[in-house]
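Fit chain W to the known structure of chain G by using the hints.
Number of protein chains: 2
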Amino acid sequence: LENRIKQAIVDIVGTSNFTDSLIDLVSYSYDASDHEQRPDAAVWPAKTEDVSKILQVANTYHFPIIPRGAGTGLAGAVVPIHGGLILDMCRMNKILDIRIADRLVRVQPGVVYDDLQNALAPSGFCLYGVTRDYVLSLVIVLPNGRILRTGTDCMKSSSGLDLTRLFVGSEGTLGVITEITLKIIPKPIASKTCQAFFADLQDAGQVVSDIMHSRIVPSVLEILEENAIQILRNHGGMKLPDARAMILVETDGYTKEEADFQMTEVINVLKKNRATRIQVAKSPREAEDLWRGRKALSSAAARLRPNNISEDVTVPISKVPDLLAGISRIARKHGLLFVIFGHAGDGNLHPKIMYDRNNPQQVQKISAAVGEIFHLTCNLGGTLTGEHGIGLAKAPFMLLEHSQTSLDLMSAIKNLVDPNNILNPGKMGLRTGAQ
Amino acid sequence: LENRIKQAIVDIVGTSNFTDSLIDLVSYSYDASDHEQRPDAAVWPAKTEDVSKILQVANTYHFPIIPRGAGTGLAGAVVPIHGGLILDMCRMNKILDIRIADRLVRVQPGVVYDDLQNALAPSGFCLYGVTRDYVLSLVIVLPNGRILRTGTDCMKSSSGLDLTRLFVGSEGTLGVITEITLKIIPKPIASKTCQAFFADLQDAGQVVSDIMHSRIVPSVLEILEENAIQILRNHGGMKLPDARAMILVETDGYTKEEADFQMTEVINVLKKNRATRIQVAKSPREAEDLWRGRKALSSAAARLRPNNISEDVTVPISKVPDLLAGISRIARKHGLLFVIFGHAGDGNLHPKIMYDRNNPQQVQKISAAVGEIFHLTCNLGGTLTGEHGIGLAKAPFMLLEHSQTSLDLMSAIKNLVDPNNILNPGKMGLRTGAQ
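So the sequences go chain by chain: G and W.
All residue numbers for the first sequence refer to my numbering, where the first residue is -17 and numbers rise by one.
All residue numbers for the second sequence refer to my numbering, where the first residue is -17 and numbers rise by one.
Looking at chain G on its own, in the form it has when it is part of the complex (with noise of 0.2 Å):
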């Protein structure tokens, strides 16, 4: 970035919201993935205006806005491949408005999640679910720094094209997101929670299954194989039976009746696959010891090793078995130290593999386990990313999943809407102008 376009940024922002030392630029250099590239300077706008500005002066020079969060990614989205400017949303963190008669919240792109519920408890509500699914309405800056009001307020609208859900999940590449309204829910009152064992990984699919035919709408329905168990007795300091599988269950309702009914039915299809060691917590203190080992477990697996990778494979309901038992057999087949778990409930898979990096051999069979993981997750019908995004370590796949038709309608939009491709660019495999 030349001295003139850094002082077009300062003249915006001041000189204390604007940084290019090298300390600052090393921090923004990551975020939770493997991925790593310095930017040139960061910048901290603190309004929507700032923002507007800023993308103006990135429009007349051409160079790359990456827009950024918390840093938390686990597949590079905010990862400067191209160098450019850091946008971090730290400063735009105010829950702006909570309007519980119209059942929606307001707030700016940096809240953290946990602040804003709490901000929402003493109401009596939350969020909840998968977020894309609540965002009612955005305020975004385009890359030519016009302002664009998307949704509505209201809890349904039919009017013109959708270009909230457009925006949403769109990691920086269509437009800086400066406001959010979503939608929030009553707080369930009353929760179950439940652990059972398996010694066969069959049985702990069929209890997926026969739960997705049941009436049941669990609000967790967590899965851990016979490694991660193995992990939680071995290094995580867990009384744990030996077992293929582990399943853990809570259901909730606004009655105390709604949720043990649930759960009574989640213990009737445990019991009928050959569950054993069938705990239901008897107090929220047991509930918290019931989910001791899947909360430890992530961490207690990377201790193992440097090293690892996290991945959030998701397949239709019924192919979790599928799932689970081939990334078995393929980290098994290249020798990988790994662990599996996920929201079964959502067909969502997190294989996480340690290893050394400094081990060429383990980073090869790293990358040549995680191209068949991708593979076999889209021949079942699956996505590539449940939650954490495409980034840049699942670009290279985008093929696997849609077809050359989707990914040039994907490119066009982003061509359409950001000509110059100065937002966030080289992200989620969408061909650019240039080529």
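Calculated directly from the structure, the hints in this document are not laboratory data.
Ideal Cβ placement from N, Cα and C applies to all residues, glycine included.
Among the hints, a few may not be true.
Pairwise CB distance ranges, derived in the manner of DEER restraints [to be verified]:
1. I171(W) / A103(G): 27 to 33 Å
2. D182(W) / H195(G): 44 to 50 Å
3. D182(G) / D115(W): 51 to 57 Å
Sample of chain G residues lacking proximity to chain W, with all beta carbon distances greater than 12 Å (derived) [as the list claims (entries may be wrong)]:
4. W26
5. M220
6. A241
7. R287
8. A377
9. N402
Frame of chain G, contents of chain W only:
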């Protein structure tokens, strides 16, 4: 349409699936709105490949294609104002796949809602809520004939731009949807229904607001204002009290306790707000009785004059009382005969104005009143349409709700996807290439 074009279409679908007979063209010249225009021909495709071939012909010779469902639309979205070829999807009415374990169903676009609900009923599953929120994936034929698959059969995905929602609600302007995969949910087994009356409209509005502040998620929360009650009394033969508003609430659950608990909360709210004649149904039959007025209302009102228009303006939930009062004020000012009812829990009201099309003075008043209602709605932070869509009816009002930036982007996307403007031209207020 020239004869060689008609022949090209016949070559694709066969003689028996093409028509240009006057009687058919008259049938296809309108939907359930006031708009009317005759197409040049109509075709009944049987499969995605037929649609693809037809669109290739249209894109070569540049004539309009108007995809059409059952023709029940209230906004004129399927009226062929520029002539062209009606693509009647009625033959594509198959339920392709019911996958309970994956909690989804795959259908063709011509499937009738009740048929689908009936097919799901034996498994205890159903569709529910706002349809667009349940669309997982689509097969779409693009204007150039290319076949696009969007989305995934998974319960969640963060993979690439969300093309699915771009096409849902695009009213046939971007592509022809030929397959739809929808999420399904377990059908609640218990429900409670309750009716109450109010001497003051503000009290009824406060009920809506209080219910929103509670932990209740009513499955139904309908409101009827005084004209609606009068019409049911005077012309519907129903014994209702003389009141300013009526509210109908339904709660449901997967246990009887859940539905009962929520209804108890509702009744508390009703009593607190001075409701009179609170009636809770003790049986499904009594519930049906309570529903009778709401269900009879629309046609009872329609019979009072030769013509009527039905709107579906929607506001943030807390603004329902303001919208109700405002619509009444506008309709009275113009001396129009009207009723208002709607889904208060969604902020969605259906004002219905009865008139005589042959009375030019009435037509002028209607037109003025509708414009004022749209202004009011948008000033309250609302949307032109909760359910019916934009079509022709609301196209002139798009800028009341959407900014120029927003409409520009919608139009640019339309031009990108359909550069020859062959798909349902002239709808939704999109500006197309010619302009």
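Going through the hints against the structure:
| no. | hint | verdict |
| --- | --- | --- |
| 1 | I171(W) / A103(G): 27 to 33 Å | 31 Å, holds |
| 2 | D182(W) / H195(G): 44 to 50 Å | 49 Å, holds |
| 3 | D182(G) / D115(W): 51 to 57 Å | 37 Å, violated |
| 4 | W26 | 26 Å, holds |
| 5 | M220 | 29 Å, holds |
| 6 | A241 | 10 Å, violated |
| 7 | R287 | 27 Å, holds |
| 8 | A377 | 10 Å, violated |
| 9 | N402 | 15 Å, holds |
The structure fails hints 3, 6, 8 (numbered hints given earlier, in ascending order).
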